[in-house]
Amino acid sequence: MTPPLALDAGLAVLVLAVAASTIAARGTFASVIGFVTYGLLLALAWVRLSAVDVALTEAAIGGGVTGVLLLTASARLRRAEKSPAPAEHPGLVLRVTAAILSTLVAAGLAAVVLMPASPVPTLAPAAMANLPATGLGNPVAAVLLAYRAWDTLLEKVVLLLALLGVWSLAPDLLWGGRPGPRHLVRQESPLTLLAQFLPPVGIVVSIYLVWNGATAPGGAFPGGTILAAMWILVMQAGLADAPAVGSRTLRIVLVAGAALFLAVGLAGFVVADAFLAYPAGYAKPLIVAIEIPLTLSIAATLGLLVAGPPARAPEA
Amino acid sequence: MTSATLYGLMGAGLVGLGLYGLVVYPHALRKILAFNVLGGGVFLLFGVIARRGASSGLGGDPVPQALVITGIVVAFSATALAVALVVRLVEETGMAALPSDDPPAERAPRTEP
Amino acid sequence: MASFLLGAAGFVLLMVALGLVRILRGPGEGDRLMAAQLLGTGGIAALLLVAVATRAAPVVDVALALALLAAFASVAFVVGAPGAAPPGPSAADDR
Amino acid sequence: MSLLRDLFTVVAVSAGAFFFLAGTVGLLRFPDPLSRLHALTKADNLGLGLVVLGLLPHADGWLGALKLVGIWLFALLAGAVAAQLIARAAGSAPPRA
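If you're matching them up, the sequences are chains V, X, Y and U in order.
Quick note on numbering: the numbering used here labels position 178 of the first sequence as 178, and the sequence is numbered without any gaps.
Quick note on numbering: the numbering used here labels position 54 of the second sequence as 54, and the sequence is numbered without any gaps.
Quick note on numbering: the numbering used here labels position 94 of the third sequence as 94, and the sequence is numbered without any gaps.
Quick note on numbering: the numbering used here labels position 49 of the fourth sequence as 49, and the sequence is numbered without any gaps.
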């Protein structure tokens, strides 16, 4: 076996082992930690599949914000769970049936993988042929923000809907209040040091990723996620409080990305020939102009999704 | 055996593992984790399709890659909503599993006003 | 050279992967976190090795993102679980 | 010159990989959490540091080299903070061995 293939085989076995331990670990905490490492290893797999844009997004989301979300939740669950968790061993019949079903599904998918279509379907030539018209150098960014801008716009809406769903879990009394507990600043804690030192660096890196995203792997999603992670860190260290969800400024930041995207899209009817069509020659400046509020909106939405529903009544 | 095929098989295995965990384990947080493992496998299958579609000097077909980026972010938002629901469920009932196996009559009476 | 670097990446991954046994065995939550932390560092090293071996400069950015977020799991653990309480939750094995 | 550069890379990366080996052995074999943490930080600091050192001659330009060193410094900071936090959590409530 050649070294690259050996590396890939090793990584594949490792990912499967980590996934199995995530599924079957005794205890939720071990399961959650297993899932965090799973995300990290998936980022490596994406690099090996020559999908660096995806690897960046997976590293930022899987390695960063998902871990915070799940670890915080598992700690809260442990405090709130009164009755012991239901038996971890459901009936043997169920387990065997589930195992057979899962194996069948996996085998079916494996068969599809082993019998690739020929000729291989690909849109890569089309994506490259139209790249000059967008003024971008990164074909993935071109797909996200030009060819299939619809997806990105609707995804932003889905993020907002999820956030509304999370917020709606708050009791009436707390509506419009601030999410989560107020974290206290721990004097002389290394956490405070980290939360003071890391965010400036993180902000620079996320600007770099967004700016670079036009020509190289990067873009609004990884950039926004890293920005969100920095915000979460500052909130967790107690250096800043979570904003009240009723705040008008916050609401404007949340919808800014989708709103501007939509506005540019509607303007496409007038200045170009269709919804979300960019006028020739202006594609790149428009895309960059959309990406900046989009990044801020993504960061705010992800940060608030992790912070959870409002837990403190709004100040009168 | 190419690298892409290898990762494809891995993706198929992940879907199987995730499905098993989703069906078998009653704890709600573990169901969410299992579902995310399953989702990771599906995304990887997209990645394999993208890798096989490499042409025009690209390492992979950018269209499936972009779909996966969108998918990862949407999966995260769905996970966040599900986690918030589970936390609320546990804080209401003290139990992190849905009593789906019980017949409706045996369910604990709700004490909601 | 590329083969050596890829081999080194595989070796580092294998090493930190062995450390993952701690995720399953524990016994404390800190031990499980340590294994994740080690895998994070090993993953960064493997990514850098792969980046140089395959001459893919953007891969370095993935390592950069991982390095920035490397401490997040530990931070969330400490903030989420008030381990300062003397009969701390890390003593009892979680469920 | 190129041979010397490659030799340097091989030596430094191998040394780094050795520290990852040492870190893992320590994490698996040491009896209590604090000594395991001690083993872990060696892999964090020296393992990654030596790998980065070995890769520096292959970095594209001084900006690329700066990025590599930056990654090491961030990982170092993250490792140090995480070790402190884990140690405090472990110290206040020693897990049953």
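Be a bit skeptical, because a hint or two may be false.
To be verified - Now the stretches of chain Y that chain U is said to cover, found in silico as 3 or more residues with beta-carbon under 8 angstroms:
id, region
1, 7-18
2, 23-36
3, 43-56
Keep in mind the hints are simulated off the structure, nothing from the lab.
Think of the CB as a built atom: it goes at the ideal place given N, C-alpha and C, for glycine as much as any other residue.
8 angstroms C-beta test of the region 23-36 of chain Y against chain U, three or more residues: holds (count 9)
Given coverage of the region 43-56 of chain Y by chain U, checked by CB-CB distance under 8 angstroms (3 or more): n = 5 at 8 angstroms, threshold three: holds.
Proximity test - 8 angstroms, beta-carbon atoms, the region 7-18 of chain Y to chain U, at least three hits: holds (count 6)
Violated hints: none; the structure is consistent with every hint.
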